[in-house]
Amino acid sequence: MKKSTLGIIGLSASLLSAGVLFAESAAKKAAPAPAAAAPVAEKQQKLVLASTLKSIEANREFQANVQFVQAQRQQAVDLNAAHDKETNASKKKELKTKLDALMVQLNENNQKMAKAYGFSLDRTYTLVVETAHVYMFVSDEEAAKIEKEQAAAAAKEQAAAKKK
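Numbered according to this note's numbering, the sequence shown spans residues 2 to 165.
Calculated directly from the structure, the hints in this document are not laboratory data.
Fair warning: there could be bad hints in the mix.
[Stated by the list, open to error] Simulated crosslink set (DSSO-like; lysine-lysine; CA at most 30 Å straight-line):
no.	residue 1	residue 2
1	Lys157	Lys146
2	Lys163	Lys149
3	Lys146	Lys163
4	Lys99	Lys55
5	Lys164	Lys146
6	Lys99	Lys116
7	Lys44	Lys149
8	Lys86	Lys97
9	Lys149	Lys164
10	Lys94	Lys113
[Unchecked claim] Across the chosen pairs, the derived CB separations fall in these ranges:
no.	residue 1	residue 2	range
11	Ile147	Thr125	39 to 45 Å
12	Asn66	Val130	14 to 20 Å
13	Glu109	Glu143	51 to 57 Å
14	Asn81	Glu158	57 to 63 Å
15	Gln151	Asn66	16 to 22 Å
16	Val135	Lys86	48 to 54 Å
17	Lys116	Ser91	35 to 41 Å
18	Thr88	Val129	47 to 53 Å
19	Leu50	Tyr136	24 to 30 Å
Here a beta-carbon is modelled for each residue, glycine too, at the ideal position from N, C-alpha and C.
Use the sequences and the hints to build the structure in full.
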């Protein structure tokens, strides 16, 4: 495993968190305000496993895909804002055509993400890192000493396991 793996995992988690926060803020902006006379009680929610990424490469691919659909969603938000602000009818129609095409692509990609990972832009997610390897920079001499100690500890564990 490369030394940059922990950094990549951390970056991936932070990107996913940023995407989740973006999704929450976009959902709040897009959601209509509830009627004052009808208070809505929030239901308690629990986490369920949506997907397991079994390798570093799978995690990288997932993160790239999440970033891609989030970028598409941001493009759609920007196009919609430009459409709403536009006063020229022909430009407004052109923006609407682009927005409609982008929304078709975004919906297709969101469906692919749901099929591949159980991921949808409509939900919030938490990424749980179950295994992390911590590395440190050492000299060649220190590395040799540490590797020797680790090999001795592993041999001791195997011997203890055989005795049982």
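Each hint, compared with the structure:
no.	hint	in the structure
1	Lys157 - Lys146	holds, 17 Å
2	Lys163 - Lys149	holds, 21 Å
3	Lys146 - Lys163	holds, 26 Å
4	Lys99 - Lys55	violated, 37 Å
5	Lys164 - Lys146	holds, 27 Å
6	Lys99 - Lys116	holds, 26 Å
7	Lys44 - Lys149	violated, 55 Å
8	Lys86 - Lys97	holds, 12 Å
9	Lys149 - Lys164	holds, 23 Å
10	Lys94 - Lys113	holds, 29 Å
11	Ile147 - Thr125: 39 to 45 Å	holds, 41 Å
12	Asn66 - Val130: 14 to 20 Å	holds, 18 Å
13	Glu109 - Glu143: 51 to 57 Å	holds, 52 Å
14	Asn81 - Glu158: 57 to 63 Å	holds, 60 Å
15	Gln151 - Asn66: 16 to 22 Å	violated, 36 Å
16	Val135 - Lys86: 48 to 54 Å	holds, 50 Å
17	Lys116 - Ser91: 35 to 41 Å	holds, 38 Å
18	Thr88 - Val129: 47 to 53 Å	holds, 48 Å
19	Leu50 - Tyr136: 24 to 30 Å	holds, 28 Å
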